[in-house]
Amino acid sequence: MTDITQDLPVNSADIDVAAAVVAPFAVRTPLLSFPVLDARVGTRVFLKPEMLQRTGSFKFRGAFNKLSSIPQARRGGGVVAFSSGNHAQGVAAAAQILHMQATIVMPSDAPLSKRERTKSYGAEVVLYDRDREDREAIARSIAEKRDATLVRPYDDPFVIAGQGTAGREIAEDMAALGLVPDIVVAPASGGGLIAGVATAVKARYPQAELIVAEPESFDDHTRSLLAGKREAHAAQSRTICDALMAAIPGELTFAINSKLLSGGVIASDAEVGAAVGLAALLAGRIDVHGKNVVIVLSGGNVDADLYAKLIA
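No gaps in the numbering here: position 14 of the sequence shown is 206 in our numbering, and each next residue is one more.
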């Protein structure tokens, strides 16, 4: 079988290499199924719970793979990243394991719990104004002054390959069950997770449909797929999915996703409960009749304190 990912910026071989790098440190999250969910949607559904991953989201996979790729001679300068919380924690935890100094540029309105957990891994946190300042420019300036490595949250081949290890596990676990993943759904902010997952799954199951799930109004991937070029979303406010608010798909991620994704779906804040792909499925926005469906629960997409208030 020809690997349809071999000519992409990140291919399945890159993900195989990443899998060997992250395996000793990352959690191999299971595929979960629930008869009540299957009965409700009328087909077999499997959930990939990345909230069980180290640091509480899939981000650790890509961060650890990226930091591991930095030559020893370059590690003394440390790393700098910019993130609202999940990438921040992933980079901080990876840096702690690899004995590197991490500096994370975070918005001043990032969830307090994410800021504190980032600090708990030994990282320095630099706050900025999300509405008035450019986080990437701040991070780049710090990296240049300290001779540190800038670790982007999604537009980096090592990060994408690391996130793709989740898709590799999906493919392996579905094969072990003797099943084909007909539809795989994953959320996106900058698109690194869905790009990596799509690459891993399509290499083994080229007929699988890969669908991106986004919060309502923050549908830049869906818009871009329809337009055939990168387009920003038109959101004028915020979403409770605080980790899914990137304005436009990454250049590298869209180069992959434009080739591999079948389309996108959205879910409103009222529907989502921070699990946007599952919400879109339950809202009937995906045609799943007679198909095996896998949904990636990426983890860390809502402020825990806010979610507690919403439940109350």
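Simulated from the structure, these hints should not be mistaken for laboratory data.
Quick reminder that beta carbons are idealized off the backbone N, C-alpha and C, glycines included.
It cannot be assumed that every hint is accurate.
[Stated by the list, open to error] SDA-like cross-link-like pairs, simulated, lysine to any residue; straight-line CA separation at most 25 Å:
#, residue 1, residue 2
1, K451, R309
2, K311, R266
3, K451, L229
4, K501, S429
[What the hints assert, rightly or not] So the derived label-pair ranges between C-beta atoms look like this:
#, residue 1, residue 2, range
5, D230, Y499, 21 to 27 Å
6, V209, S454, 24 to 30 Å
7, R322, V372, 27 to 33 Å
8, M243, E364, 16 to 22 Å
9, R266, S225, 41 to 47 Å
Do the hints match the structure? See the list:
no., hint, result
1, K451 <-> R309, "violated, 36 Å"
2, K311 <-> R266, "holds, 23 Å"
3, K451 <-> L229, "violated, 31 Å"
4, K501 <-> S429, "holds, 20 Å"
5, D230 <-> Y499: 21 to 27 Å, "holds, 26 Å"
6, V209 <-> S454: 24 to 30 Å, "holds, 27 Å"
7, R322 <-> V372: 27 to 33 Å, "violated, 42 Å"
8, M243 <-> E364: 16 to 22 Å, "holds, 20 Å"
9, R266 <-> S225: 41 to 47 Å, "holds, 44 Å"
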